[in-house]
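> Each chain is listed here by its residues.
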Amino acid sequence: MTLFAHRHLLGIEPLAAADIETILHLAERFLEINARPIKKVPTLRGKTVINLFLEASTRTRTSFEIAAKRLSADAVNISGSASSTVKGETLLDTARNLDAMAPDVVVVRHAQAGSAQMLANEIKAAVVNAGDGAHEHPTQALLDCSTIRAHKQRIAGLEVAICGDIRHSRVARSNIWALTKLGARVRVAAPRTLLPPGLADMGASVHERIEPALEGADVVMMLRIQKERFGGSLFPNTREYSRYYGLNARRLELAKPDAIVMHPGPINRGVEIDPAVADGPRNVILDQVARGVAIRMAVLYLLAGGEAAE
Amino acid sequence: MMVRKPPPDNDLRERRELLDAAGIARTLRRLAHEIVERVPHNDGKPLYLVGVRTGGAYLAHRLCDILVAAGEGRPTLGAVDITLYRDDVFSGLPKPEIGPTDLPSPIDGRTIVLVDDVLFTGRTVRAAMDVLADYGRPRAVKLAALIDRGLRELPIQPDFVGLAVQTTERESVRVMLTERGEPDRVVLRERA
Numbered sequence: 052m053t054l055f056a057h058r059h060l061l062g063i064e065p066l067a068a069a070d071i072e073t074i075l076h077l078a079e080r081f082l083e084i085n086a087r088p089i090k091k092v093p094t095l096r097g098k099t100v101i102n103l104f105l106e107a108s109t110r111t112r113t114s115f116e117i118a119a120k121r122l123s124a125d126a127v128n129i130s131g132s133a134s135s136t137v138k139g140e141t142l143l144d145t146a147r148n149l150d151a152m153a154p155d156v157v158v159v160r161h162a163q164a165g166s167a168q169m170l171a172n173e174i175k176a177a178v179v180n181a182g183d184g185a186h187e188h189p190t191q192a193l194l195d196c197s198t199i200r201a202h203k204q205r206i207a208g209l210e211v212a213i214c215g216d217i218r219h220s221r222v223a224r225s226n227i228w229a230l231t232k233l234g235a236r237v238r239v240a241a242p243r244t245l246l247p248p249g250l251a252d253m254g255a256s257v258h259e260r261i262e263p264a265l266e267g268a269d270v271v272m273m274l275r276i277q278k279e280r281f282g283g284s285l286f287p288n289t290r291e292y293s294r295y296y297g298l299n300a301r302r303l304e305l306a307k308p309d310a311i312v313m314h315p316g317p318i319n320r321g322v323e324i325d326p327a328v329a330d331g332p333r334n335v336i337l338d339q340v341a342r343g344v345a346i347r348m349a350v351l352y353l354l355a356g357g358e359a360a361e
Numbered sequence: 036m037m038v039r040k041p042p043p044d045n046d047l048r049e050r051r052e053l054l055d056a057a058g059i060a061r062t063l064r065r066l067a068h069e070i071v072e073r074v075p076h077n078d079g080k081p082l083y084l085v086g087v088r089t090g091g092a093y094l095a096h097r098l099c100d101i102l103v104a105a106g107e108g109r110p111t112l113g114a115v116d117i118t119l120y121r122d123d124v125f126s127g128l129p130k131p132e133i134g135p136t137d138l139p140s141p142i143d144g145r146t147i148v149l150v151d152d153v154l155f156t157g158r159t160v161r162a163a164m165d166v167l168a169d170y171g172r173p174r175a176v177k178l179a180a181l182i183d184r185g186l187r188e189l190p191i192q193p194d195f196v197g198l199a200v201q202t203t204e205r206e207s208v209r210v211m212l213t214e215r216g217e218p219d220r221v222v223l224r225e226r227a
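So the protein sequences, as listed, match chains A and B. Heads up: the first sequence runs through residues 52 to 361, numbered per this note's numbering. Heads up: the second sequence runs through residues 36 to 227, numbered per this note's numbering.
I should point out that these hints are in silico values taken from the structure, not numbers from a laboratory. Note that this is a predicted model, so its numbers are computed, not measured. Each residue gets a CB set at the ideal place from its N, CA and C atoms; glycine is no exception. No incorrect hints appear here.
Taking lysine to any residue and the SDA-like style, the derived pairs with C-alpha atoms no more than 25 Å apart in a straight line are:
(1) B:K177 - B:Q192
(2) A:K278 - A:D325
(3) A:K90 - B:G134
(4) A:K90 - B:T146
(5) A:K91 - B:P173
(6) A:K120 - B:G134
Partial selection, computed: residues in chain A whose CB lies under 7 Å from chain B:
(7) R80
(8) I89
(9) V92
(10) P93
(11) T94
(12) G356
Start from the sequences and build out the full structure, keeping to the hints where you can.
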């Protein structure tokens, strides 16, 4: 087991495969804590974790909060509507003020790509990126890898299809980095208007129709259309999108018979995924959520304790 | 991205052998018999051995094998990992290796024998007792150690000791076991 030498978790791109393995391995231990009658260990007693969520979130914020509390850290939550950003304070000023209260970890979600990196450069606390614009959402990719390995016993050599709004998806980007570093082959599928440039350079094969991406896939990961980020002008309408790119039982038959269906949430039922598939026997969506807590416990454990080398 | 300092290398030199392979086997046999004689299990439940990872877990396994071979019945065998309960978990780098805690049957009302390889400051035992408290309320917790090297920092005493040795702060006791891919030996080492 290698030591985890990073001070922050800003993305999957800067991590080595061994770093990802360290986090996945630790998370298995933390899963065990989540199954105990007393779901709490004293490890981070006296540490403070601030969840600074300047974009809407239920799952991720709750997951980080529970992770911190199960490790006995004090967790403080700040959400966009309740923060001084509505009074015109900049993200950096908000973060510097919070940093002056000496937290050990700041978990940040913000609409701007690079915001987590900027905070990491400016504040003393360790920074965890919980989603920065369309850039990265590393803990989501880590919990996805953890879920895939739990169901498939491996990641290397798997065929993983990521379908939907790739362009606005930090989940897709982080997953492409993580899965390719661990040896999986990633195919992405979306209408051309929802495909960002550079995907092939990241190691993914790119499809403009969903069927070839699903063909023989071991894992099918569906993404939500993030209409709030573009106002819906990139495809004609939701019904047409659903007809050509939605995952239904018939399309799922193109994948391997034991393929698993994943979704980072929130789900738009009947848009990117048919309710029968979302609730079907191959879906592992709630496993993803359960593993999310363990992954975030592992990340907080690795980042909350150490000091930075100068 | 900032990178953390690696931990300093341990600079330890072997001073003398405390136990050889035969000595370890003999000591464990004696410990096993002392434990069955002195731990009451009149509630009809078998003895419950819980090893402290990693060394203590291997030793608990061996004690279990000895008792089975001696016809004393099969003890319940568990293991605890104390990494997350250490009071020094963040001195230096966090430990990326955490072993599973595995208590195969409920500990409530049972008499637990904690097994550790080296009893030193008592902090490991304190942490192990905290782990047990998170799983239930044992009737009693006893402590067995292969080596007691003294220098306690907490009011903790063993109930069963394989070998007691006087040591100094500069010294270190290392228990080598075949389970770790080394020949069975216990050596006293000193900082060079």
